[in-house]
Structure formats: C-alpha cells, structure tokens
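**Q** Let chain A serve as the given structure and place chain B on it in line with the hints.
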Amino acid sequence: MSGDPADLTIAEAAAALRSGALSAADLLAAVRRRAGATEAQLHAYLTLDVEGAERAAEAADAALSRGEDPGPLAGIPLAIKDNMCTRGIETTSGSRLLAGYRPPYDATVVGRLRAAGAVIVGKTNLDEFAMGSSTENSAYGPTRNPWDPDRVPGGSSGGSAAAVAVGSALGALGSDTGGSIRQPAALCGIVGLKPTYGLVSRYGLVAFASSLDQIGPFARTVEDAATLFEAICGHDPSDATSYRGVPPVVRPTLEAGPEGLRVGVIAELAGEGNEPAVLAAFGRTLEALEVAGAEVREVSLPSIPYALDAYYLIAPAECSANLARFDGVRYGRRLPGDTVEQMMAATRRDGFGPEVTRRILLGTYALSAGYYEAFYGRAQQVRTLVIEDFARAYGRVDVLVCPTSPTTAFAIGERTEDPLAMYLADVCTIPSNLVGGPGISLPVGRDGAGLPIGFQVLAPPLGEAVLLRAARAVEVLAGFAARPALATSEAR
Amino acid sequence: MGYEAVIGVETHVELATRSKMFCGCPNGFGAEPNSSICPVCLGLPGALPVPNARAIEATVSLGLALGAEVAPHSVFHRKNYFYADLPKNYQISQFDLPLCRGGHLDVEAEGGTRRVGLTRIHLEEDTGKSTHLGASGRIRAAEAVLLDFNRSGVPLMEVVSEPDLRSPEEARAFAAELRAVILALGISEARLEEGQMRFDANVSVRPEGGSGLGTKVEIKNMNSLRSLQRALAFEAERQTGLLSAGGEVEQETRHWDEAAGCTRAGRSKEESSDYRYFPEPDLVPVALEAALLDRLREALPELPAQRRARYAALGLDAGAARLVAEGDGYGPLLDAAVAAGADPRQGANWLTGEVTAHLRRLGITLADAPLTGAHLGELHGLVAAGRLSATAAKEVLAGVLEGEGTPAEVAARRDLIQISDETVLEAAVAEVLAAHPAEVERLRAGEQRLIGFLVGKVMQVTGGKADPRRVSEAVRRAAG
Chain A
1 MSGDPADLTI AEAAAALRSG ALSAADLLAA VRRRAGATEA QLHAYLTLDV
51 EGAERAAEAA DAALSRGEDP GPLAGIPLAI KDNMCTRGIE TTSGSRLLAG
101 YRPPYDATVV GRLRAAGAVI VGKTNLDEFA MGSSTENSAY GPTRNPWDPD
151 RVPGGSSGGS AAAVAVGSAL GALGSDTGGS IRQPAALCGI VGLKPTYGLV
201 SRYGLVAFAS SLDQIGPFAR TVEDAATLFE AICGHDPSDA TSYRGVPPVV
251 RPTLEAGPEG LRVGVIAELA GEGNEPAVLA AFGRTLEALE VAGAEVREVS
301 LPSIPYALDA YYLIAPAECS ANLARFDGVR YGRRLPGDTV EQMMAATRRD
351 GFGPEVTRRI LLGTYALSAG YYEAFYGRAQ QVRTLVIEDF ARAYGRVDVL
401 VCPTSPTTAF AIGERTEDPL AMYLADVCTI PSNLVGGPGI SLPVGRDGAG
451 LPIGFQVLAP PLGEAVLLRA ARAVEVLAGF AARPALATSE AR
Chain B
1 MGYEAVIGVE THVELATRSK MFCGCPNGFG AEPNSSICPV CLGLPGALPV
51 PNARAIEATV SLGLALGAEV APHSVFHRKN YFYADLPKNY QISQFDLPLC
101 RGGHLDVEAE GGTRRVGLTR IHLEEDTGKS THLGASGRIR AAEAVLLDFN
151 RSGVPLMEVV SEPDLRSPEE ARAFAAELRA VILALGISEA RLEEGQMRFD
201 ANVSVRPEGG SGLGTKVEIK NMNSLRSLQR ALAFEAERQT GLLSAGGEVE
251 QETRHWDEAA GCTRAGRSKE ESSDYRYFPE PDLVPVALEA ALLDRLREAL
301 PELPAQRRAR YAALGLDAGA ARLVAEGDGY GPLLDAAVAA GADPRQGANW
351 LTGEVTAHLR RLGITLADAP LTGAHLGELH GLVAAGRLSA TAAKEVLAGV
401 LEGEGTPAEV AARRDLIQIS DETVLEAAVA EVLAAHPAEV ERLRAGEQRL
451 IGFLVGKVMQ VTGGKADPRR VSEAVRRAAG
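Residue numbers (my numbering), protein chains in the order written: chain A, 1 to 492; chain B, 1 to 480.
Next up, chain A with everything else stripped away, as it sits in the complex (with noise of 0.2 Å):
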C-alpha cells in the first residue's frame, strides 16, 4: 500500500487490515520505525512493551488469516500513559518513587483494549502523578511537542498526545483531572475526548483526584476517539463510581452534522485572556458553523471565574490523601531510616518532585482542622455552583464551546518557575472536570508560528452522542489536515 502506515488514521488501518493490504505485523513495525525516528528528539514514551506488542500483532493477524472479525481495534497500534496500570510491566506515574514499580494487575481500560485485540506498543510519558500541564514535571525527563521541539507538548498526558500527533501510536489514552487530555490535544493538534465522569473506569488508574480523574482517548480523527471511546466505556463493578447503566450511543448521530444544533459560546473563557491566534481560529470556527446551519449564541457562566480556585483545593486535598499510599513500605523505592516513620518520609521527600509536594502539602493543609470549612467545604460550595451554572446552560444549548488553551505550545522552561502561569494553562477546561460531563479538544487551526489551536466543546453529562456530532461537524467545517514536521520524513 502506498504511503507510511504509521500515518494512517485508525478507522483506515483497521479496513486496512480486513482487506489484507495490511498485517498488524507490518502496522506495528512501521510505528516502532516512526518511534525510533522520532523518541530520541521527543521523548513521548517512557517503556517500549516489544514482546506483548509482537504478540498481539500476531494474534491480530492470525484472527484475521482465520476469517474471523477480531474488532475495529484488532491489531491497532496504541499508546497507554504511564498512570494506568500494566500487568507486568513498568507503571511509573512519571514518578521516582514508583521507579521500577510492576503491576500486578492490568487496569480495567487496559484489559478492554487487550480484548479489543489491540496492540498496546508502550507506555507514555506525564506530569509525575498528572499533575502538570506541560509533562515538565516527569521525574524521567520533559516529552518535546512534535511541532516545534522546543515547546512543550502540553500535560499532563503529553507523551501520549505527542505520540499520537507524530505516527508512534495510532491511538493512545490519557487522563484528565483539570484537562490533562484536551490541552496536551489541543497543543499537539489532534483530538483528545475526556468522557463524562463514570463511564469509564478508573480502576487501575493511580489515582491523582477521585472525584475529577477521568480517563479518555487521544486520536487523529473524531471518529477514532469515538472508537476508542466505544471500547474503554461501560460499568465496572470494580470502580463503585461507575456509570451502571447503559452508556450513550455515538456512531448514528456522528455524521449528523451542525444544522439545528444549538452551541452556546462561553462568555468567561471565549474572550480576553486568550492570545489573538487563538481567538481568530476559535471566531473562524464559530462562522463556519452558523453559516452551515447552526445556532451560536453566548452564555454566561458567573461561578466560571471562581472554578479554578475551587479546582485548586478540591483536587490536592484529593491527592494529598491518594497519595499517602506512597510511603516505601509495601512497594516503589524505599529509602532506609532509623525507624519506620524515618523510612517512610526520607522516601517521600525523595520520591516526589515539587510539585507533587506543592500540592500535598496544599491538600493537606485545606483538610486541616479548622481550615477544612473554610476551604474544602467552601471549594465543594463552588462546585455546586458550577454545577448549577452548567444546568441551566444546558437548558438552553445543546453544547458549550470556548478556546481549549488560552494559548498555543509554550516553550520549555518558560514557565516552571511560575506554578501560577501553569495553572492558568487548563483555565478552560477544568470547570467540566468539576461538573463532570464530557468534552473534547479538536484542532481548527493554527498560529503564526505553525503551532495547532485546539477548540473545545462541552455537553452535559452522559452528553458524549451530541458532543461528538458537534465536534465531528467541527472537523468537517475546520478541515485541519496539517501535520506535525517530526511525523514527515523529510524533517527528521
């Protein structure tokens, strides 16, 4: 077949396959040539699984010589970042503490795909606990944006949004507790889908905040992240926050198009406090819709400025408890002391990076006795707030947009001495972390300096069939075909 396979959108090489143009064999070698082009500038995966990679491709392909329908991901290519546990292989969290830790267990997602017959090439690079909006924070070094190897890819799930962007991965999942898919999508150009909280499980995910941790695919396409969507969503008796019943249908309304859809255009984050690049693409985009047919109107979210705040107590408070199961004694790194209190905080205040123990050390003290009203209990009034805002919005729209990032990739360094600045990367998509419905980041266009623009589109929970028309209506008018320069060869 002509062309590289690496380059093939999913739903291509999955036909690909069928018709025998393809084996899964020859689609993994040509990803693992992409990766090994590309890692040594990128830095996207932290393990390469070779041998379970080969073995699935080969299943693949004998499920395939046989006759039979292995599935729409049978022996596709896909990336799993590294916060999602793998049975016997390297779970790192981007952690030093965690360093050489194997699972002994496959997360419920990763045992999903596995089923799906997928190949899963590797695990991927992140903020160390995702807790990070640029991968800077890995304990094993930053992921670069194939774009322009001097900016960051985004995070927390930079490696996989890197990887998908530039051809080492067809596919990959991340997750997203403030927009730890859709930003690193929107500034590696691609689609990152956060589902609504609870159709997808999270056992197996270590865990960063419970109650706003969702896991969710990165794709080329729409209609890939709807794919993989499909695949990883469902009850889990295993996670008592799931979903228990049946979760939205996608694909009949997908092609459905923009006409008569009603998009509300946030106020609060569609206007100053984004660059001009971004807001140009996102005012294009708007257009194109309303002149295909569909309803754009702005909507005002008043607790939206304070969704931030709210964010930054509720998720280190989460984390400052998940995160106390770090201590040495049953797993990870261990560091030696007189006694056992000794041993544990000389490996925690070894294992942890800064900003780890930056929230911790937050979490911790919004618990504290006498401070857990003032700022817990006011952070989970807020939430309700937002909740509430995004209810009666929905009564009126069918879907909210607004830029996914205020701005595009920024460079590496330029704010890792600013926690502030860094926090103000996801201004834009956490507020539906604390609501909990789903939304997705699609790029539509680019700026000056050839970097992607995300654009982002909100539904309410359990919204995923009109969030993914609206969005697939958004790819079809943006027509983003662009791609990045480490993913053609010429450039390498």
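Hints may contain errors.
Here are the computed lysine to any residue pairs in the SDA-like style, where the Cα-Cα straight-line distance is at most 20 Å [stated by the list, open to error]:
hint : chain 1 : residue 1 : chain 2 : residue 2
1    : B       : Lys465    : B       : Gly403
2    : B       : Lys129    : A       : Ala11
3    : B       : Lys394    : B       : Thr356
4    : B       : Lys129    : B       : Asp85
5    : B       : Lys394    : B       : Ala384
6    : B       : Lys129    : A       : Arg330
Derived from the structure by calculation, the hints contain no laboratory data.
**A** Relative to chain A, chain B alone:
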C-alpha cells in the same frame, strides 16, 4: 467524699462476612500471613474500594435491634494517618454521617436495669497487623517490623455508647450484653481472644450524685471483658486518688497494660492527631431503601433480653434464664427440647448443669456435641415414666454427649432402665415380705422406719433397677 465513675465504651467488632469490607478477599481468621490479600486491601496504586453490602446490612441490623435511627443516606470518609500496617495511610471510616445514630441497650445493673444510650454505630475497615521483632516487642526499640495484611480491610463495626455507665461492673455488663446481641444476630463470632471484639473506654470521676462531668481519660487496648473491667477499675481509682489528694486529672489517652494491671500514659493531647476527615471520593453515599430496612427488621431474631424474659416466663430462675439465653446454642436447644416435650425447667437444669459440666470435661462446645432437642425430650419422657432415675438421667446425658446414641440406646447399653413392670415389682416385694415376716409384723404395728429397710431389701433384690418411689408405695400397699 465519695466519687462515682462516668464511663462510655467504644466497641470494635469484626463482622463475620464472607469477604472483606471493600474487596473480594476471604474474611477469615488464621490463614498464612499475607495470603488473603489483593490490590485493594494492599493499597496498590490504582486499586479502588467497592463496599460490602452484607457488612452494611449487618451494621444496620444491629442498629435496628437496638432501636437506633438508621440513616437513609450515609457517607464513608477517609481518616488520614500514617502507619505501616495501614496500607493506604488512610482508613475508610465514617465521620458525621454514620449508618446508625442513637438507640440504647438495657443492662442489668446493681439496683435494677440501666438504660445505656448509644451515640452511633458505624462501619470501617480494619488495619493489618504489625509484629515488632527484637528487644521487648515494644514499638520503640524494635529491630524490625513484620506486616500481615490478612486483617487489612476486614469489616469493622464501631459501637459508641453515651457516657451512661456508672461503674466498671456496669461497663462489663454492657459489653457482655452487646456481645450477646451480636451473637444472637449472627453478625460476628465476637471471639474476644481472637480480637474480634475490642474495647476502648472514656472514663472520668465526679463526686457521687453530681451532675457535672470531670476531665475524661481515654483508655485503649482492652481485649476482654475482664480487662475492660480491670482497666476501668484501675483508672477510676487512679483518678479518685488524684482528686482526693487535691490534684487534677489530665485529659489524655492511656493504654491498658494487661500484664502489669495498670494504665499508662500514651499520646498526650499536644501530639493528638488531626485526621483530616473528608468524604471518600472513591465511593458514593450509601442509600438504604425502605424495603431493605423492612426486610432487615422482619429478619431480626429474638434478642437475648427477649429470650431471657421468655424463659423466665417458662419458670426458669433468672440465673438459668441468662445462662440458657446467652450460652452459645443453648437457647435453640432448649426451645427444641421443649418442642419435643421436655419440661423447660428440667431441660434448663440439665443444660446448665450436667451438660455444661460434661462438655467441659470432654473439652468440646455444644455446637460440636451430638445432643439434640429431641434427645432431651426423650430423656424427659423416660424420667417421667419412671424408667430412669434422676441420677441415671445424668449418666444417660453423659453417654449421649459422648456419642453413644439416643437416651434410650444409652440407657439400655449402660443398663440403667428401672423396672417399671408392675408384676415384676410386685413379685419382688412379695418375696422380700415373705422373707422378713417379723419386720412386716412390726411395720404393721406402726414402726414406720421399717419401710426404708424393706425398700432397701427390694432394691437389693432388683439389683437397684427399681424406682424407689414406686417400691415404697408397693411395700406400703402390701404391708398395709
């Protein structure tokens, strides 16, 4: 001036569910260290808790049995503290929205019944077990710590009483009554020696008859009814001594040292922990439907107090009623015996007397013994028909407990059946009277004590198998 103690008791009870509180691991005592563990109860990265519905139902059952208010919505919280045998370094427990609030337990106290209020009943997970090696086994000087996580995640119910108890004896009676209720509900085996039921207590003293509250001290680490009572007695006396000497009681946590028989200062309030409770985000609130509560309420068994009252109404004295009501398996056995025709008092006497004594001799429990209610009914029939003497009945019971068969079989095998055939008896009496004409003459002349002599002779002739009462009647008749 006299002082009285004001005591509240916190009781931790390991529930006898098949699996642990938040995972599918078997909940059992005595497995090899670290054999009943999984990612969840080991706190591995990514593992999530799923609540055990049976444990919630067991806790609600106790609440219903004790007249507590069951919360329609209850929440699990995280209680944060670092300890090597606490795998997540937080314990999933309950805070301001426990499963049950209020309720009470009536306790037999000196001078009547004491109604002890309950503050709350909540559910949490147990920790693992630490074993400190080296030195004296004490934490400070230990050379190494061994951790066993089999107990980690076992459902642990906590029952908190109001400070309504007024003496160490009452506290002990409260704990014993609570244990009896828990056993009747079948929600825990409540074996004290295995740590399935553990006590902490708050105690203060105040001038007798006063209404204010003194400074309270929390005592931890009591693992038996006896140590609960001893620790409280020691502590009440220590505080009384302090106050009598014009001193003050310091608010603190003290640990009971069983071997030394005293409490020792532990954590002082300066270092007291801030547990930073917050709602467990990995779980959703527990919603208890009315239908479930109805089902649990209907399924409540007879409680010990009700059972004691019922036995008292059957004629048992208070002591026997309590023994039968609370002895493991005694109540159901007596009920079966009565259903099989046994006299309640007779049956209770056998159970609390010969049966208990002989089980002790055999070193087994009632549950392991082959004794049934039908056996006791049959035994009662044999005695009532005069075929067994009271003494022989006890020997038959021993035989049944030793597995020799039914009472009739044991009596036959051990040759204990009394002669009840009237013709045989009459013949023996006639033979004895004929052999002792002089004595018969004197008896007829009014020398009553000769009845005993003649009855003895008949018993001799019958090899002791005649019923002495009937022999006596027969002698009177024949000589009269």
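**Q** Confirm or reject each hint.
**A** Hints versus structure:
no.: 1; hint: B:Lys465 - B:Gly403; result: violated, 24 Å
no.: 2; hint: B:Lys129 - A:Ala11; result: violated, 53 Å
no.: 3; hint: B:Lys394 - B:Thr356; result: holds, 12 Å
no.: 4; hint: B:Lys129 - B:Asp85; result: holds, 6 Å
no.: 5; hint: B:Lys394 - B:Ala384; result: holds, 14 Å
no.: 6; hint: B:Lys129 - A:Arg330; result: holds, 14 Å
When held up to the earlier numbered hints, the structure conflicts with 1, 2 and fits the remainder.
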